Structure formats: structure tokens, C-alpha cells
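J.: So the chains spell out like this:
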Amino acid sequence: MADKSNRPQLIVDGKRLDGRDLNQLRPLKIEASVLKNADGSAYLEWGNNKVLAAVYGPKEAMPKHVQDPVKAIIKCKYSMAPFSSMGEHSRSGPNRRAIEISKVTREAFESVTMLHDYPASEIDIFIEILQSDGGTRAAGITAAAVAMASAGIHMKDLIYAVSFGKVGEDLILDLNMIEDNYSDCDMPTAVSPRNNDLVLVQMDGSLTREQLHKGLQMVLDAGKTISQVQKEALQRVYEGRENGNGV
Amino acid sequence: MEGFDIVKVSYVKELLLKNVREDGRKLMEFRQIKLATNIIDHAEGSAQIDLGATRVLAAVKLQVEEPMEDTPTQGNLMVSSELLPLAHADFEPGPPSPLSIELSRVVDRGIRAAETIDLSGLFIEEGKAWTAFIDLYVLNYNGNLFDASMMAAMAALASAKIPKYENGEGVYTERNEPLKINRLAASTTFAKVDKTILLDPNMHEENAASARVTIANDGTVVRAMQKGLGGSFSPKEIENLVDVSLSKYDELKKVIEQAAGK
Amino acid sequence: MPRQLVIPGEMIASEPVRLDNTYVENGKTFAKVLGFYESEKRQVIPLEGIWQPRIGDIVVGIVVNSRNAVYEIDLSHFTRSILIGSKFDREAYKPGDVIEAEVKDIEDRRTLILWRPRVLFGGTILEVKPTKVPRIIGKANTMIEQISKFTKCNISVGNNGIIWLKGANVPLATEAIRKIESEAHLSGLTEKIKQMLEEQTQTTSK
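Chains as they are written, first to last, in this note's numbering: chain V, 1 to 247; chain X, 248 to 509; chain S, 510 to 715.
In short, the hints are calculated from the structure, not lab data. Source: prediction; values computed, not measured. Any given hint might turn out to be false.
[Claimed, not checked] Below, in silico cross-link-like pairs of lysine to any residue (SDA-like), each with a Cα-Cα straight-line distance of 25 Å or less:
id: 1; chain 1: V; residue 1: 231; chain 2: S; residue 2: 551
id: 2; chain 1: V; residue 1: 156; chain 2: S; residue 2: 688
id: 3; chain 1: S; residue 1: 688; chain 2: X; residue 2: 365
id: 4; chain 1: V; residue 1: 59; chain 2: S; residue 2: 586
id: 5; chain 1: X; residue 1: 411; chain 2: X; residue 2: 454
[Said to hold, decoys possible] A few chain V residues that face chain S, going by a derived Cβ cut-off under 7 Å, partial list only:
id: 6; residue: 8
id: 7; residue: 58
id: 8; residue: 60
id: 9; residue: 64
id: 10; residue: 69
id: 11; residue: 71
id: 12; residue: 121
id: 13; residue: 156
[Claimed, not checked] Partial list, derived from the structure: chain V residues whose beta carbon lies under 10 Å from chain X:
id: 14; residue: 35
id: 15; residue: 82
id: 16; residue: 84
id: 17; residue: 197
id: 18; residue: 201
id: 19; residue: 238
Heads up, the beta-carbon is just placed ideally off N, CA and C, and yes, glycines get one too.
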């Protein structure tokens, strides 16, 4: 978080710097099955974020000693392109932040993937942030969920993620980069929508119990829209379906 | 190589005995090229190419740095490439592979040798010059990364804009002045399968190849070359391929210029 | 037949039902895979995913190991399959041979026993999505026979998504198969493919 003494005024008359209402999502677009080689993939644009996610597998887990004879393991790699941020070129290769995000993302997917359907195998999830503007881990998870579905992986649910935060006493949804830098709190959250279980929770800053409750409610409300965009992305790939499948 | 790949390699070789390619192309024909620029708004220039099923994203970032000691009045160029694990099942996460390093160095040499960008033009003032970082992101792999990357890099450079310079640093919200391009280079890569030589090998053809050569030219002279793999070419073969390479220049230059809106 | 696209986690029934590609939680039935739900037949047909072997499936694979007339065949999709040869024919197959065979038994999810083998000489291999194989074969083999006829190719389609092709116009056969793979969800496909094959073979013969 940046020095708050020179914080720009993030909210004016109930509107945010980019003109959004406090509980408004940035525009979200997802396209499924965009890469030829991957078993499943998705491209996502969320505000100024641009994210590519791909899934390979299930395939034989390698090296052999990592194999679990009764279930699949998930490997996940989140990385940010060195050209992804407005401003200077960054170093490529995983840093501590990327390694942590990869881990919590993997765990979010472990909670809904039917790992026992794929003994001794591995499922690889790759998330590439091509352009970043705050909320990239949420964008990565939302894209990867579509990639997982388009790979035909057995899952209990199609998860989504979004963050909420706090500026002064105002709660805001789906923080962009500048809001993320100067907010009093940021809470990326991933949700399994069939029962609203939280499969990823991270938070830093300060929140009262009531603010937490209200923030999560904002997440769940926005989740309906996000889930819909995810489903429509998959529908478009298979659209034109007609009666009679000829099989 | 896996069993299934061996079958495909023998098939590619069997067809080439009759000068027929797996996808029906002529020996000296490129796959379909789709090239688009301004893919990444946060980069100063960017382009994405689809060369058949090979997809590469190239992005240019410009950053104020201190000039190198031995060239105090010049900017700098840094080319890196990532064979992303999402591009092919055999690409592993980890440090850059030798192929990835070769790829970035070949593209780097092509740009430098053709003097595509004028490095002295990147000098700002004493102790300050622009470094141009070019990142090549391989998103889907189906052979011939060299030509795909070179074309994407050229289009990214040709569409790049320099940030405003103020108080020793770049103002990235103000990018108006186009990066000056002196000369575009075009790259052509050939593979030798048994005795047959072909242009723009796809993945199966690369797997079948004994030798590969990349020739970059500027329409008049050869600017960079790189031979790869364990086999060899005769001097006569290389000379003939230079002719083919030069003859492809106009076509490739047009694709790059159109994509960059020039 | 009314059918609907379902995604993982979508509720299929508000009571527990035992269906392939679904799961039951708190007394309700949910899809566990991206697929089409056909309410009349009460089935969820997956649209993507790895091959789920069944006894009687025809497979195309490659011999990777042979020892004392016991052959290990790579079928991709991380299955190990074993073909037991005849005692009288000890080295019938060698590593690298492409084999078509039938699944005789399933030991576990990853180990299959094959029988009724046949060697496929020469030609090439195409990998397709196993979920699209029924469409590529077509009702009573109509689709694949038509491709075979127009392209003058021998084609062997494995349920494991491996297709072997050999003959006069492999590029056209490949193109037709790829088209079916990408448009498998559309109806009237047999006619569409026929039209494409007719056009392409006419232009090349001129």
C-alpha cells in the first residue's frame, strides 16, 4: 500500500475515479477455448486487465514420485508479463508474490476439482497476466475456471473471484490498480457459487465485522454477473446447437 | 520423441519424397499470416502474430536507463523470449531453455544488424537513454518460432510510441512520438528434411528436419543468419536460400507495414 | 430432443439421481462436467475431456514395449494397455508398430487389457478429442465411410481419440475430420461434410 498522505481522492459524490458506482464491476469479457494446443483455455479482459489461462491434463503426473495413486494433483503457475504494467519494464520469472498467488489459486481449485476421478495424474493450470490493472489474481482465477471447464475437467463447481476493499468508510467492489494502492483494505475472494463457500480468502488492512459482512454480500451479488459471463463464454463456443445430436 | 511423433515424422518424410507437404503447401510457401498491433495498451508497442497455428505476442517497453559504459551516447536493446508452458505440453516452467535463449538472440541480432531502430536516436542526455525491452511471448507453438517472433517484433517496434521524457524519467501516460524505424528486416526460416528443403516448417516438419537455417534480410542484403540442428547445408544450398529469402522480403514487409498502419 | 448446455455445479435435479457425469450433494444432483443435459434420456454428455475407456471400445495405439509376446501399447490419455499375443506368434509386433485393437477388460482406470489386434502399416496419426469420436464415425459409420470414399483413404478411428489414416488424400481427410471435431455440436453435419468433400475433390480433379 502506498503512502496515504498523498492519496488522491478516490471517491467523489459516490462515484469512483473511473466513473463507477461503489458496488460496480469493471467491464468483463471472456472468450473460451482460444489456444489450439492446450486442453482448455480462456482469454479474459476485465477493465484494463488482460489474462490468458490454459489447462493441460489430466495427464500422468511427473516426476513419478509426486504421483498420488488415488487422486490427481494440481500444479498452478501464475505469472505476470514484464510488459504488463503501465510504467517500467519488470523482471521476468517468479517472485515471492507470484509463488504465493500460484499456491492459493491451486488450493482454490483443489477445493472443487474431483481429484479422485483422475488417479496418479496431474492437471496443470497456467495463468499469464498480459496486462495488469489491479485484481489480477481474481481475474486469473475467473479465467482459469473457464479454462478448466473447457478442458472437460470434473469439478463440483465453476468458481469465480473478485475483490472488495475500503476507502475511508466506503466499501468498494473490484478494485483497480490505483484504488488497490491507496485503499484501506483489499480482500480478494474466490467463491464456489453453488453454495457460496469461500475457496480463497486474503485480506490486509482494516475491516469491522459489519464491513466484512457487507463486503462479502457485495462479492456474492457481483458473483451472479461474473458467473453469467463465464457461462456465456462457454455457451458461445458451443452455440448453434440444434435439436438432434446425430450421435 | 514419443511413439506417435515418430509415426508423424515418417509420414512427413514419405510425403516429401514426392515434394508434397503435410498441409498441402508448396515447398517455399509460408503458412497463413495474421498480424495485429496494439494488443497491450500498457506496452509502448505490441503485436501478435498467428503464423498458421504458431502464435507469438511481442511487446516493446521503453525505459530510461544509464547508457552502457562503452556506448555513452546510445540507447540499448534487450530482447528476451518466453516459451510459455501454456503454449505446448512439452514446454516446462523454469529458467529459459537453450532454444528460448537462441530465439531471443537471433531476433536481437536481426534487429541490430538491420539497424531497424537507431540506437543513437534513443540517447536523451548525458547519463540518460532509452532502453528498448522486447519481450517475445510464445502463446501457441506449432513450429517456426524464429520468423513468427521476428515479424511480431518488427510490427511491435513499428507501432511503438516513445513516452514523454521529464525530470529524468518517462511519463508513461503521455506517449505520442512514434519510435523511429530505419529499416524493416524480414526473416525466413528453412528446414532440411532428408534432401528436401522447405520454408516455414510446422512442428512435424521441424521434428523431421536434420538442419534448419534462418536468414534475415532487408530486401537488398542479408543481415543475419543462424543455422540450427545437427545437419548441414552446402554453400550452394545456402546461396539459393538467400535468393528465396530476398524474394520474400516485399511480401513480408507489406504484412508488417499494414499491421503497423504504415 | 431437448437439451441444454450445463456447466460444472449446475443443478440437474432437486432430488438425488444416479447419472454419469453428475454428483449428488445435500440430496440434489449437479453436473460435474461441461456438457449437454438431455432431460428425456436423463443423461449428461461431456463436451470435452479425456477418454473414459469402456469394454468393447476400439482403440488405436502404438507398441512401446514387447516381452515374451506381452505387448505394452500406448493409447495416450495416461492409460497403460496390455496386449497378450499368441504363444505361437512370439514377436508379432515390434515397438513403433501402430495397432488397432479392442478393449477386452479394464483392470483399473489406467490398465486395460486388449485383444483382436491388427497392425496398421505406414500412414499417419491424427489426435482428436475423444468426446468427438462418435460424431466422426457417424451413425452406422456413415460419416467416416463417406470421408474414406471421397479421399480414397483407409481410416481407423480409435475411441481413445487416435485416428490412423493412409491413402490418396490425407490432407483432405484431415481437414474433414477437423471440421467435424470443431462443429460436432451442429446438426446436418453429415450433409455439410459431404458437400465439402464433393467440392474439394472436384476442384482437385480438374
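J.: Kindly indicate which numbered hints from before are broken by the structure, ordering the numbers from low to high.
T.: 2, 3, 5, 6, 9, 10, 11, 17, 18 and 19
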